[in-house]
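Colleague: Sequences listed follow chains A and B, in order.
Here the first sequence stands for residues 3 to 115, where the numbers follow our numbering.
Here the second sequence stands for residues 668 to 782, where the numbers follow our numbering.
A couple of the hints might just be wrong.
[To be verified] Reference excerpt, derived from the structure (chain B facing chain A, CB under 10 Å, subset only):
(1) GLN706
(2) GLN710
(3) GLY716
(4) VAL726
(5) MET767
(6) GLY768
(7) GLY773
Note that these hints are calculated values from the structure, not bench results.
All of these numbers come straight from a predicted model, not from anything done at the bench.
We put the beta carbon where it would ideally sit given N, CA and C, even for glycine.
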Amino acid sequence: DVVMTQSPLSLPVTLGQPASISCRSSQSLVHSDGNTYLSWFQQRPGQSPRRLIYRVSNRDSGVPDRFSGSGSGTDFTLKISRVEAEDVGVYYCMQRTHWPPLTFGGGTKVEIK
Amino acid sequence: QVQLVQSGGEVMKPGASVKVSCKTSGYKFTNDNINWVRQAPGQGLEWMGRIYPNNGNTVYAQKFQDRVTMTTDTSTNTAYMELRRLTSDDTAIFYCARGMGLDYWGQGTLVTVSS
Numbered sequence: 003d004v005v006m007t008q009s010p011l012s013l014p015v016t017l018g019q020p021a022s023i024s025c026r027s028s029q030s031l032v033h034s035d036g037n038t039y040l041s042w043f044q045q046r047p048g049q050s051p052r053r054l055i056y057r058v059s060n061r062d063s064g065v066p067d068r069f070s071g072s073g074s075g076t077d078f079t080l081k082i083s084r085v086e087a088e089d090v091g092v093y094y095c096m097q098r099t100h101w102p103p104l105t106f107g108g109g110t111k112v113e114i115k
Numbered sequence: 668q669v670q671l672v673q674s675g676g677e678v679m680k681p682g683a684s685v686k687v688s689c690k691t692s693g694y695k696f697t698n699d700n701i702n703w704v705r706q707a708p709g710q711g712l713e714w715m716g717r718i719y720p721n722n723g724n725t726v727y728a729q730k731f732q733d734r735v736t737m738t739t740d741t742s743t744n745t746a747y748m749e750l751r752r753l754t755s756d757d758t759a760i761f762y763c764a765r766g767m768g769l770d771y772w773g774q775g776t777l778v779t780v781s782s
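Throw the hints in and build the complete structure from the sequences for me.
Modeller: Next comes the structure, spelled out in C-alpha cells:
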C-alpha cells in the first residue's frame, strides 16, 4: 500500500499569514494514464471532510482561490495564501493512483495562534 | 445539487452487526462509485471499500474484507454498508462519499459499540 506522510502534524498560524502543508507518498503518484491522483481535503471541527483540490492543483467549485496545490511525483504541497478563521480544521491528502486501497495522510491540524 | 444523506447514529453491542444507509440525489446514481470511509474518534480517515451501483461490483480494503458488505438499491438511489462482528474498536463515524475522487460526502453516521 502507498503510505502518505504529512507534515507538520500541527500548524499554528496567525490570521492573514500564509500556511503550507507537505504530503509525501511512498511511491510516485503518476498513473499510467499520465494523471497524478492526489487530492486535498479539509475537515472543519464537527463536519464531514470536503474536497478542496483534485489531481494535485485543481480547485473544486466554491473553494477560495487562497487555497492552492502543487507538486509532482512523491512530493506535494497545499498552500493557504492568507489564513482566515474559517480555515481552522484538519487537512488530509489522499492518493488514488495506486488503489486499492485509497490511502490518506495522517492529517495536519491548522489552528489560529 | 448533489446530496448524500446518511442514516442516524446507532448504539450496538459487541458482536452485533450494523447497517448504515446513504441516500443520494442530484446525479445519476448508477454512474459513479460510492466509497465508505471510517473515522475513529480523534483519528484520521480510513478507506473501507467501494461499490459501483451500475453492476454491484465491490472492492473492499483487506482489513475489512471478511466483515463488510456493501450493497445498493438503484430503485431508491441508496447505498448500504453493513459491518459485522462489531468490537469497541469499530466505534467511529462512517462516511459515504461519491466517486473515486470523493467529491461529495455524506454527513456521517456515528456508530457506538458498547456493552
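Colleague: Run every hint past the structure and note whether it holds.
Modeller: Status of the hints after comparison with the structure:
no., hint, verdict
1, GLN706, "8 Å, holds"
2, GLN710, "9 Å, holds"
3, GLY716, "8 Å, holds"
4, VAL726, "5 Å, holds"
5, MET767, "5 Å, holds"
6, GLY768, "6 Å, holds"
7, GLY773, "7 Å, holds"
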